[in-house]
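2 protein chains.
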Amino acid sequence: MNRFKNTKSIQQGFSRMVLVISLAFVVMPITAFGLEALPKVPPVPKDNPMTRDKVELGKQLFFDPRLSVTGTVSCNSCHNVMASGTDNRPTSFGVFGKKGGRSAPTVWNAALLSVQFWDGRAASLEDQAKGPILNPVEMGMPSEKAVVDLIASIPGYASQFKSVFQGKNPVTYDNIAKAIAAYERTLLTPDSPFDRYKRGQKKALSKKAVAGMQAVESLGCTGCHTGPNFAGPAMAVGEGFYQKFPVFPGSVYEKKYNLTQDQGRYDVTKKSDDKNVWRVPSWRNVALTAPYFHNGSVATLDEAVRVMGKTQLNQDLDNQTVENIVEFLNSLTGTFLVQKMPQLPPTPNRHTTEKDGL
Amino acid sequence: MNRFKNTKSIQQGFSRMVLVISLAFVVMPITAFGLEALPKVPPVPKDNPMTRDKVELGKQLFFDPRLSVTGTVSCNSCHNVMASGTDNRPTSFGVFGKKGGRSAPTVWNAALLSVQFWDGRAASLEDQAKGPILNPVEMGMPSEKAVVDLIASIPGYASQFKSVFQGKNPVTYDNIAKAIAAYERTLLTPDSPFDRYKRGQKKALSKKAVAGMQAVESLGCTGCHTGPNFAGPAMAVGEGFYQKFPVFPGSVYEKKYNLTQDQGRYDVTKKSDDKNVWRVPSWRNVALTAPYFHNGSVATLDEAVRVMGKTQLNQDLDNQTVENIVEFLNSLTGTFLVQKMPQLPPTPNRHTTEKDGL
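Residue numbers (my numbering), protein chains in the order written: chain A, 1 to 358; chain B, 359 to 716.
If you are wondering where the hints come from, they were derived from the structure by calculation, not from laboratory data.
None of the values given here were measured: they were computed from a predicted structure.
Hints may contain errors.
[Said to hold, decoys possible] Per label pair, the in silico range of CB-to-CB distance:
(1) 323(A) <-> 500(B): 26 to 36 Å
(2) 494(B) <-> 98(A): 41 to 51 Å
(3) 191(A) <-> 624(B): 56 to 66 Å
(4) 145(A) <-> 568(B): 34 to 44 Å
(5) 142(A) <-> 629(B): 41 to 51 Å
(6) 575(B) <-> 167(A): 42 to 52 Å
(7) 511(B) <-> 168(A): 49 to 59 Å
(8) 98(A) <-> 625(B): 30 to 40 Å
(9) 500(B) <-> 98(A): 20 to 30 Å
(10) 516(B) <-> 198(A): 26 to 36 Å
(11) 456(B) <-> 202(A): 48 to 58 Å
(12) 456(B) <-> 51(A): 35 to 45 Å
(13) 548(B) <-> 145(A): 34 to 44 Å
The beta-carbon is built from N, C-alpha and C at its ideal position, and this holds for glycine as well.
Same shape as in the complex, but just chain A (with noise of 0.2 Å):
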């Protein structure tokens, strides 16, 4: 059975929630989204507003392999839209077949996120964007000046940023920055059969995701992860809501699956208190994003669960308590939406970039 359900295409809503995002900046302040609903739109930037053609060159640039080194790795590669938003290893493969040193997070409904990367290191989706272009083991470009220069060659990309972005100079990092977030908040998953039995159908949830629900509201899971994302409370972007891992040292699962080799949020801050503390993640599609945790080392759901009770609350969770949880956390998978493949402007009669031997 295919999970992802089509409902309509990102083009025939596309209309509708730019009217209902500018309603929502009226009427509604992004920090009052309620508790539990998946908002129906993400906060958007003022400085960076949504629109048609905006989040189409954002789609392409997201899949376009052209902005890594080789040639060969998109955005896409990592974060697969076709799919649960990860690449579903362990660690990502970049360019040149190095690995990442953590597991990709999904990008769908990152956009409700207040920070970004496990360790909060970008305040927002377009901060995001600029790094794994750069980054030498993801997509390893030598500079920001090589990816204006390259984007701008290409003929359908220098047109579409001259009309998006307007001005002398429109393709600059910042604004390949902002198209790419543009698309990417486009990528939620509402209707979850969660948030259908919280509009009232109390049968979209089977009794045993209603046990599974009790469960994590009352061993108190729902402590980091609450909110309409399920990765903490309504925050400011650029305000992370953060957890140590484990907060309950010298378990067994914590040598067994490596979990404080890496420091977490300690890198970026180098304060102490920072040691293997990690942006809380999300819980919606957590069912599609297998395998589990920083350094994607737990397999199974049900192995994540057992970890997170051991090493977050000191809970030795029996089976049926574990299968409770994990039916209730299959009830967050949202319904992805349908979409048009990009189509990426060409370079007619040359090799993109003129070199060989990469």
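Based on the hints, put chain B in the right spot on chain A.
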């Protein structure tokens, strides 16, 4: 300017296509497509009829990186249908950063070729699809059984194979290849300026392009680049149309672009006559598929034209002639179908392979 023109989706056009294919096989044998117009339908083998569900399944498989041992390389990685149907690289990167030996040919209109691969070693799209999945420098899967076990373990695939192929063991390596081939048969690019010109729209070609067309005929290029796909005369499936390259040895280009190191079809047949012999590649969309030749050694189309003039016809083409021919070749860029993205069936609650460390 985006050269890809959006006309209609595969979904919209599909029913009509199936109907046309059915009619075509009543009234028209495979070899009677005519000399120059791009056929509206491809030849379809009797043992792999096209159905909507099979094409949709094949599209999912074509885009599914889980068909590689690392979960990172799909058919689309090297045959990017959001672009030219190639990766626009000299040679491709497969799993673990390994590099292939030959430049990836385009998948667009490959359904019109009578043999596949640069050396013609596969008689059909079905045969071709089976190769890269198991090739250690491409997708690197260890065995047909490993591929079949993997696909059968994904619930959404298991049910689709059952519905599409019926029988007790619908997930077989043959059926995986059949589904992929069925999808690839939808990848035609009709309605190029040249096709419109041939249908009577005399303004569809510029004067320069017409001069280029006359040049390729008078010079003798169309001795090989003939037929509707400009890849040779109509042949029975499995019967290839080949040519030596270079025909005239010893040119400056031969050394500069290392044209003879790879012995081409000789590696398949071990016949000395087949040394440096290659399947004649199509001119359709050739303006978009740089870099050129089996080793991707030539970065621009004008240089490729010069090389071919010298090596195949012993002609030093002047700049004006080269320019005209390039203009004509650009008129063979067709219309690329707008496609919906596939949605890849997930493996809820678990990592697909449950392998770490790769």
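Is the gap between the beta carbons of residue 145(A) and residue 568(B) within 34 to 44 Å?
-> holds (42 Å)
Residue 191(A) versus residue 624(B) beta-carbon gap, inside 56 to 66 Å or not = At 58 Å between Cβs, range holds.
Residue 167(A) and residue 575(B) - C-beta distance against the hinted 42 to 52 Å | With a Cβ separation near 48 Å, residue 575(B) and residue 167(A) satisfy 42 to 52 Å, so the hint holds.
Beta-carbon spacing of residue 456(B) to residue 51(A) - inside the hinted bounds 35 to 45 Å or not = For residue 51(A) against residue 456(B), whose Cβ atoms are near 41 Å apart, the range 35 to 45 Å holds.
Within 48 to 58 Å or not, the Cβ separation of residue 456(B) and residue 202(A)?
-> Because 53 Å falls inside the window, the suggested range holds.
Quick one: are residue 548(B) and residue 145(A) within 34 to 44 Å, going by C-beta?
-> holds (40 Å)
Take a look at whether the Cβ-Cβ distance between residue 142(A) and residue 629(B) falls inside 41 to 51 Å.
-> Holds: the Cβ-Cβ distance is about 46 Å, inside 41 to 51 Å.
Determine whether the Cβ-Cβ distance between residue 516(B) and residue 198(A) falls within the hinted range of 26 to 36 Å.
-> Holds, at about 32 Å.
Would you say the C-beta atoms of residue 98(A) and residue 625(B) sit inside 30 to 40 Å of each other?
-> Taking Cβ atoms as reference, residue 98(A) and residue 625(B) lie about 31 Å apart, which means the hint holds.
Can you let me know if the beta-carbon spacing of residue 511(B) and residue 168(A) is within 49 to 59 Å?
-> Given a distance of about 55 Å, which is inside 49 to 59 Å, the answer is holds.
Consistency of beta-carbon spacing, residue 98(A) to residue 494(B), with hint 41 to 51 Å | Because 19 Å falls outside the window, the suggested range is violated.
So the hint says 20 to 30 Å: do the beta-carbon atoms of residue 500(B) and residue 98(A) match that?
-> At roughly 23 Å between Cβ atoms, residue 98(A) and residue 500(B) fall inside 20 to 30 Å, so the hint holds.
Checked against the numbered hints above, the structure violates only hint 2.
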